[in-house]
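Protein chains in written order, with the numbering used here: chain U, 15 to 205; chain C, 15 to 205.
There's no promise every hint is true.
Since the list can't tell identical chains apart, any single copy or any two copies may satisfy a pair.
Simulated crosslink set (DSSO-like; lysine-lysine; CA at most 27 Å straight-line) [stated by the list, open to error]:
{"id": "1", "residue 1": "Lys20", "residue 2": "Lys136"}
{"id": "2", "residue 1": "Lys43", "residue 2": "Lys136"}
{"id": "3", "residue 1": "Lys43", "residue 2": "Lys20"}
The set of hints was computed from the structure by calculation and includes no laboratory data.
Read off the chains here:
2 protein chains.
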Amino acid sequence: MTPQRKARIEAVAARRQPDLTVFMERVHKPHNVAAVLRTCDAVGVMRAHAVPGEGGLPSLNHTSQGAQRWVELQRHPDTLTGLAVLREAGFRLYAAHFSSSAVDFRSPDYTRPTAIVMGTEKFGVSDEALGLIDEEIVIPMLGMSQSLNVSVATALILYEAQRQRSDAGMYAPRSLAESPWQELAAGWVQR
Amino acid sequence: MTPQRKARIEAVAARRQPDLTVFMERVHKPHNVAAVLRTCDAVGVMRAHAVPGEGGLPSLNHTSQGAQRWVELQRHPDTLTGLAVLREAGFRLYAAHFSSSAVDFRSPDYTRPTAIVMGTEKFGVSDEALGLIDEEIVIPMLGMSQSLNVSVATALILYEAQRQRSDAGMYAPRSLAESPWQELAAGWVQR
Ligand SMILES: C[S@@+](CC[C@H](N)C(=O)[O-])C[C@H]1O[C@@H](n2cnc3c(N)ncnc32)[C@H](O)[C@@H]1O
Ligand SMILES: C[S@@+](CC[C@H](N)C(=O)[O-])C[C@H]1O[C@@H](n2cnc3c(N)ncnc32)[C@H](O)[C@@H]1O
Chain U
15 MTPQRKARIE AVAARRQPDL TVFMERVHKP HNVAAVLRTC DAVGVMRAHA VPGEGGLPSL
75 NHTSQGAQRW VELQRHPDTL TGLAVLREAG FRLYAAHFSS SAVDFRSPDY TRPTAIVMGT
135 EKFGVSDEAL GLIDEEIVIP MLGMSQSLNV SVATALILYE AQRQRSDAGM YAPRSLAESP
195 WQELAAGWVQ R
Chain C
15 MTPQRKARIE AVAARRQPDL TVFMERVHKP HNVAAVLRTC DAVGVMRAHA VPGEGGLPSL
75 NHTSQGAQRW VELQRHPDTL TGLAVLREAG FRLYAAHFSS SAVDFRSPDY TRPTAIVMGT
135 EKFGVSDEAL GLIDEEIVIP MLGMSQSLNV SVATALILYE AQRQRSDAGM YAPRSLAESP
195 WQELAAGWVQ R
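Working from the sequences, and respecting the hints, build out all of it.
Take a look at the structure:
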């Protein structure tokens, strides 16, 4: 590894946001999972979460630009178990979902520990998940279609979080002596 | 057609933004073209533009949620011809592209007539296109990957335009007696 590469890896690790994440509930198209992980990497998500759909999690090909190398993907057996892990860890749970009680996706404060629950392509977020989350958020739709592609919707919400966190100075690099940035950078450099 | 459906169609037509568009330069994956058109519909783009890649424009399946029914897609034989049409029509041309001269994608004023040029999956916006545009815009990347999925990048820019235009009152419905809203609504209702 060149010193430049090592420095780049450490700089990226030092900007990771352990308190920002995504929970994919049975998202099953490989290009969607890949695009979500690529966006996670771009905004500093350290670990993403998923409940695999039927047929398991898709294997990820080159279209994620190798983002799965830089974003850990934690699998959960089911929604109940997965969301309990996130709540236990102190995340506020948002579901990206259309409903009369949903708020505009730009209004929450995403500088707080934030997990965004995204639904499966055809049927959206499950009722089970909706019963467990704190708030529903919706992206305005001004046309005839009822929904956006799931990786597009994820990116719009994550980049709103990026904007807020950037304004709040949260991407100022962390000291690599701190946990969990230390382990992260060390693991990446060793590959 | 039910009266409710007709009213919905007319309401959507009355919010269309003829002075906001996207130009896809040889984007060739069907799911990307489909996702771009779906987002176009959602933010009120009336007509999108494309230079087909090798093999032509992909045929669009159900994954666009039928958005291609609501967003006209104008094909151009090549970049030069296509961008000339847009410039002639008074659009300011932005290329979504990484370069040292690119500005942050949130800084331009997208309430003005705006066309966003998006590049092909592997190689990005062509040098030919870069020579013809007014300004380059870039979405911040804080991770290891070099770029976002093209439909994700398109959506982030279009929704920044949506935010600005919404704040400026530009989605207040137009009178359907005006052109081009009149023809649009009439055409949709007849289908
Ligand atoms: C293709 S959509 C699912 C549509 C499904 N028919 C439904 O009604 O929920 C897949 C996921 O993307 C997210 N999504 C898509 N468009 C959205 C929007 N406008 N606002 C919030 N979330 C959205 C949601 O998490 C949704 O579950
Ligand atoms: C997958 S990228 C192409 C990457 C290509 N290797 C390059 O260097 O341009 C496809 C298109 O998405 C858009 N895009 C992706 N990420 C972007 C970003 N962070 N900022 C601006 N545009 C982006 C650009 O229009 C780009 O041409």
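Hint check results:
no.: 1; hint: Lys20 <-> Lys136; in the structure: between (42 Å within a copy, 26 Å between copies)
no.: 2; hint: Lys43 <-> Lys136; in the structure: both (11 Å within a copy, 20 Å between copies)
no.: 3; hint: Lys43 <-> Lys20; in the structure: neither (33 Å within a copy, 34 Å between copies)
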